[in-house]
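Q: Sequence:
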Amino acid sequence: MQHNMMSWKKGLAALCLLAITGLTGCDQKTDAAAQNVGYDGLSPNTPLRVDPQTRTVTMLVQVNGRFLTDDTRHGIVYKGGSNSQKSLFIGYAPPKALYDALKQIHATPGDNMTMDNKETTHVAGSKLAISVTWAGAAKAYSFDDVIVDSNGRKPDMRFGGNLTAAEEKKTGCLLCLDSCPVGIISNAVYTYGAVEKRGEVKFTGNAALLPPDGTLATVSFNVME
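So the sequence shown is residues -25 to -1, 1 to 200, counted in mature numbering (1 follows the signal peptide of the UniProt record, and there is no 0).
Errors might be hidden in some of the hints.
[As the list claims (entries may be wrong)] Derived pair list, reagent style DMTMM-like, types lysine to aspartate or glutamate, alpha-carbon separation capped at 25 angstroms: (1) Lys93 with Asp119; (2) Lys172 with Glu94; (3) Lys129 with Glu142; (4) Lys172 with Asp91; (5) Lys177 with Asp188; (6) Lys71 with Asp26; (7) Lys93 with Asp26; (8) Lys177 with Asp119; (9) Lys93 with Glu143; (10) Lys177 with Asp15; (11) Lys177 with Glu94; (12) Lys114 with Glu200; (13) Lys61 with Asp91; (14) Lys71 with Glu143; (15) Lys129 with Glu171; (16) Lys114 with Asp131; (17) Lys114 with Asp188; (18) Lys93 with Asp15; (19) Lys78 with Glu142; (20) Lys71 with Asp45; (21) Lys61 with Glu142; (22) Lys61 with Asp26; (23) Lys71 with Glu142; (24) Lys78 with Asp15; (25) Lys61 with Glu200; (26) Lys102 with Asp119; (27) Lys177 with Asp45.
[Said to hold, decoys possible] Each pair of labels, with its calculated beta carbon distance range: (28) Arg41 with Arg173: 31 to 41 angstroms; (29) Pro186 with Gly55: 19 to 29 angstroms; (30) Thr95 with Pro27: 28 to 38 angstroms.
Hints are computed from structural coordinates only; laboratory data are not their basis.
Since we're looking at a predicted model, the values are computed, not measured.
By construction, the Cβ of each residue, glycine as well, lies at the ideal position given by its N, Cα and C atoms.
My request is simple: use the sequences and hints to build the entire structure.
A: Okay, structure coming up:
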């Protein structure tokens, strides 16, 4: 009787171990699958593509549906940054990775913005043509197609640089919609404070064009000069 009881307990333990092992295996498989979800050959593990011949960097992003109605000064912010929920697009590459990628295609950082001059200085650096596309999009749309400027002005996107400030502040800012001393790329049309401090302009995503919240997309940066 005692022998049968011990055998039963061993069998039960083996079944429990098998079940735990199986669940762990499933979890690992699910995690791996989640990490490999992507679009256009990019994924969270490989969020950037660099093409030196066309001088283009392409980055994986995700649409933040909140800013299809609310306004923001943040175009793209890295998902690991403190401002990650404040932007129209959530980026999968950190600031240094985007900075380094732009340097690889021979973009020149302006590095002319400081915390002291930010409200009177327009960001400098290589001019970038920016486009956005996603599964089901009719084409790759220019950034001014997907962003609505309340003044009707087209953005003038520049490789501002600001890598030291970006790494110190840890906001994750990749693309700002007014000139910024922290963002890797920003809009030279407006100086810092035009959106949140002085109310000169409002920016929202183009709800008539952009796909729903959570949709993966790619943003491409091409050096124009």
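Q: Next, verify each hint and record whether it holds.
A: Structure-based check of all given hints:
In summary, the hint linking Lys93 to Asp119 is supported, as the alpha carbons are separated by about 23 angstroms, within the 25 angstroms threshold. At roughly 10 angstroms between alpha-carbon atoms, Lys172 and Glu94 fall within 25 angstroms of each other, so this suggested pair holds. For the given pair, Lys129 sits about 29 angstroms from Glu142 by alpha-carbon distance, which is inconsistent with the 25 angstroms threshold. For the hint linking Lys172 to Asp91, the alpha-carbon distance of about 15 angstroms falls within 25 angstroms, and the restraint holds.
For the suggested pair Lys177 and Asp188, the alpha carbons sit about 20 angstroms apart, so the restraint of at most 25 angstroms is met. Using a Cα cut-off of 25 angstroms, the hinted pair Lys71 and Asp26 holds, with the two alpha carbons roughly 18 angstroms apart. This hinted pair does not check out: Lys93 and Asp26 have alpha carbons roughly 32 angstroms apart, beyond 25 angstroms. Note on Lys177 and Asp119: the hinted pairing holds, with a Cα-Cα distance of about 13 angstroms set against a maximum of 25 angstroms.
For a cut-off of 25 angstroms, the pair hint linking Lys93 to Glu143 stands: about 17 angstroms separates their Cα positions. Between Lys177 and Asp15, the direct Cα distance comes to roughly 31 angstroms. Violation of the 25 angstroms bound is thereby established for this hinted pair. For a cut-off of 25 angstroms, the pair hint linking Lys177 to Glu94 stands: about 17 angstroms separates their Cα positions. Of the supplied pair hints, the one linking Lys114 and Glu200 holds, its CA atoms being roughly 24 angstroms apart against a limit of 25 angstroms.
Restraint check for Lys61 and Asp91: the C-alpha separation of about 24 angstroms stays at or below 25 angstroms, so the hint holds. Taken as a hint, the Lys71 and Glu143 pair is honoured in the structure, with Cα atoms around 11 angstroms apart against an allowance of 25 angstroms. The straight-line distance between the Cα atoms of Lys129 and Glu171 is roughly 19 angstroms, inside the 25 angstroms bound, and the hint therefore holds. Distance check on the hinted pair: Lys114 and Asp131 sit about 21 angstroms apart at the alpha-carbon level, within 25 angstroms; holds.
For the hint pairing Lys114 with Asp188, the CA-to-CA distance comes to about 19 angstroms; that is within 25 angstroms, so the pair holds. Distance restraint check for Lys93 and Asp15: the Cα-Cα separation of roughly 36 angstroms exceeds the 25 angstroms cut-off, and the hinted pair is therefore not satisfied. In summary, the hint linking Lys78 to Glu142 is supported, as the alpha carbons are separated by about 17 angstroms, within the 25 angstroms threshold. Simply put, Lys71 and Asp45 have alpha-carbon atoms about 28 angstroms apart, too far for the 25 angstroms limit, and the pair is violated.
With a CA separation close to 18 angstroms, the supplied pair Lys61 and Glu142 stays within the 25 angstroms bound. Between Lys61 and Asp26, the direct Cα distance comes to roughly 29 angstroms. Violation of the 25 angstroms bound is thereby established for this hinted pair. The suggested pairing of Lys71 with Glu142 holds, with an alpha-carbon distance near 8 angstroms, which does not exceed 25 angstroms. At most 25 angstroms may separate the alpha-carbon atoms for a hinted pair to count; Lys78 and Asp15 meet this at roughly 22 angstroms.
Distance hint between Lys61 and Glu200 is unfulfilled; the C-alpha atoms sit about 30 angstroms from each other, more than 25 angstroms. For the proposed pair Lys102 and Asp119, the alpha carbon gap of about 14 angstroms is at most 25 angstroms, so the pair holds. Restraint check for Lys177 and Asp45: satisfied, since their Cα atoms lie roughly 9 angstroms apart, inside the 25 angstroms limit. As the Cβ distance of Arg41 to Arg173 is approximately 23 angstroms, the hint placing it in 31 to 41 angstroms is violated.
For the pair Pro186 and Gly55, the supplied restraint of 19 to 29 angstroms holds, since their beta-carbon distance comes to about 23 angstroms. Thr95 and Pro27 have their C-beta atoms about 36 angstroms apart, which keeps the hinted 28 to 38 angstroms range intact.
When each numbered hint is compared with the structure, violations occur for hints 3, 7, 10, 18, 20, 22, 25 and 28.
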